[in-house]
Amino acid sequence: GQNIDQPTEMTATEGAIVQINCTYQTSGFNGLFWYQQHAGEAPTFLSYNVLDGLEEKGRFSSFLSRSKGYSYLLLKELQMKDSASYLCAVRDLVTGGGNKLTFGTGTQLKVEL
Amino acid sequence: DAGVIQSPRHEVTEMGQEVTLRCKPISGHNSLFWYRQTMMRGLELLIYFNNNVPIDDSGMPEDRFSAKMPNASFSTLKIQPSEPRDSAVYFCASSLSGYGDLIGELFFGEGSRLTVL
Numbered sequence: 001g002q003n004i005d006q007p008t009e010m011t012a013t014e015g016a017i018v019q020i021n022c023t024y025q026t027s028g029f030n031g032l033f034w035y036q037q038h039a040g041e042a043p044t045f046l047s048y049n050v051l052d053g054l055e056e057k058g059r060f061s062s063f064l065s066r067s068k069g070y071s072y073l074l075l076k077e078l079q080m081k082d083s084a085s086y087l088c089a090v091r092d093l094v095t096g097g098g099n100k101l102t103f104g105t106g107t108q109l110k111v112e113l
Numbered sequence: 114d115a116g117v118i119q120s121p122r123h124e125v126t127e128m129g130q131e132v133t134l135r136c137k138p139i140s141g142h143n144s145l146f147w148y149r150q151t152m153m154r155g156l157e158l159l160i161y162f163n164n165n166v167p168i169d170d171s172g173m174p175e176d177r178f179s180a181k182m183p184n185a186s187f188s189t190l191k192i193q194p195s196e197p198r199d200s201a202v203y204f205c206a207s208s209l210s211g212y213g214d215l216i217g218e219l220f221f222g223e224g225s226r227l228t229v230l
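These protein sequence lines are chains A and B, in that order.
The numbering of the first sequence is the numbering used here, which starts it at 1 and goes up by one.
The numbering of the second sequence is the numbering used here, which starts it at 114 and goes up by one.
Hints were generated in silico from the structure; no laboratory data involved.
Mixed in with the good hints, there may be bad ones.
[To be verified] Here are a few chain A residues that face chain B, going by a calculated C-beta distance under 7 Å:
hint, residue
1, 29
2, 42
3, 43
4, 70
5, 72
6, 74
7, 99
8, 106
[Said to hold, decoys possible] The following label-pair restraints were derived from C-beta to C-beta distances:
hint, chain 1, residue 1, chain 2, residue 2, range
9, A, 19, B, 153, 34 to 44 Å
10, A, 7, B, 175, 24 to 34 Å
11, B, 228, A, 56, 33 to 43 Å
12, A, 15, B, 170, 41 to 51 Å
13, A, 8, B, 196, 23 to 33 Å
14, B, 193, A, 54, 19 to 29 Å
15, A, 79, B, 197, 17 to 27 Å
16, A, 58, B, 167, 16 to 26 Å
17, A, 3, B, 226, 41 to 51 Å
18, B, 228, A, 76, 36 to 46 Å
19, B, 122, A, 110, 42 to 52 Å
[To be verified] As a list, the in silico SDA-like pairs of lysine to any residue whose alpha-carbon atoms are at most 20 Å apart:
hint, chain 1, residue 1, chain 2, residue 2
20, B, 137, A, 18
21, A, 57, B, 191
22, A, 57, A, 27
23, A, 81, A, 58
24, A, 110, A, 27
25, A, 110, B, 155
26, B, 137, A, 27
27, A, 110, A, 77
28, A, 57, B, 155
29, A, 57, B, 220
30, B, 191, B, 216
31, A, 76, A, 27
32, A, 110, B, 137
33, A, 68, A, 41
Fair warning: this is a prediction, and the values are worked out from it, not measured in the lab.
Virtual Cβ for every residue (Gly too), placed ideally from N, Cα, C.
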């Protein structure tokens, strides 16, 4: 099984930087994903890490440490439209093929003026 | 690309009625997932298929829930009989997996919001 933990809520100021942490425990790690979900909408893919280190994609970066079971999502130059829920998800190696992706409960980010 | 298509978008039904949710995955994708999302429990994996074969249904709550994937372009999730605690948003997602350096990210449909009275 898996155990994925992330903070329930965070608040940050427009233009600032915010870091959303995620810790996980899994038996067969095969990658970590971050998704963004605006209220009333479907989750959309943000980033992916399978090796240790930092992956940068514009204003968003994601970091992974497999030995520590730890990841974070870094959002720079925050904008009001970044107010959303950010979901950490872990993929397991699965007999039979395919991706088994298990999601954390999400971090609700509120960006204020 | 049309994306993952789900129907209905909204369903309101009475306890005891049968509910069928439908999903058309992205053409060419080989994995399909059914998730349920509630405020209390977040996004829970119910079942997923790889090449139309159910791989893991350990998340299906109980025998009232069943899912099928008769072909690569269609899947259903059925609840019979429905109960008020089944009220949630049900998401279908698809991905392409098992090929080289593909990330295999999930693409979600818009969801089916179910309310059981």
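query: Does the structure keep residue 110/A and residue 77/A at a Cα separation of 20 Å or less?
result: holds, 14 Å
Given pair status - residue 155/B, residue 110/A, alpha carbons within 20 Å: Holds, at about 18 Å.
Hinted pair residue 57/A and residue 220/B, Cα distance within 20 Å: holds, 19 Å
message: Tell me if the straight-line CA distance from residue 81/A to residue 58/A falls inside 20 Å.
response: Roughly 15 Å separates the two Cα atoms, so the pair holds.
query: Does the hinted range 23 to 33 Å hold for residue 8/A and residue 196/B at CB?
result: holds, 27 Å
- prompt: Taking the beta carbons of residue 15/A and residue 170/B, is their distance inside 41 to 51 Å?
  reply: holds, 46 Å
- prompt: Taking 41 to 51 Å as the hint, is the beta-carbon distance of residue 3/A and residue 226/B inside that range?
  reply: violated, 28 Å
- request: Can you let me know if the beta-carbon spacing of residue 122/B and residue 110/A is within 42 to 52 Å?
  value: Roughly 27 Å apart at Cβ, these two residues miss the hinted range, so it is violated.
- prompt: Can the hint on residue 72/A be confirmed by a CB-to-CB distance to chain B that is less than 7 Å?
  reply: violated, 19 Å
query: When you check the alpha-carbon spacing of residue 57/A and residue 155/B, does it fall within 20 Å?
result: violated, 26 Å
message: I want to verify a distance hint. Is the separation of the beta carbons of residue 228/B and residue 76/A within 36 to 46 Å?
response: holds, 39 Å
message: Quick check on the hint: residue 74/A CB to chain B CB, less than 7 Å?
response: violated, 19 Å
Comparing the model with each numbered hint stated earlier shows that hints 1, 4, 5, 6, 9, 14, 15, 16, 17, 19, 20, 21, 22, 24, 26, 28, 30, 31, 32 and 33 do not hold.
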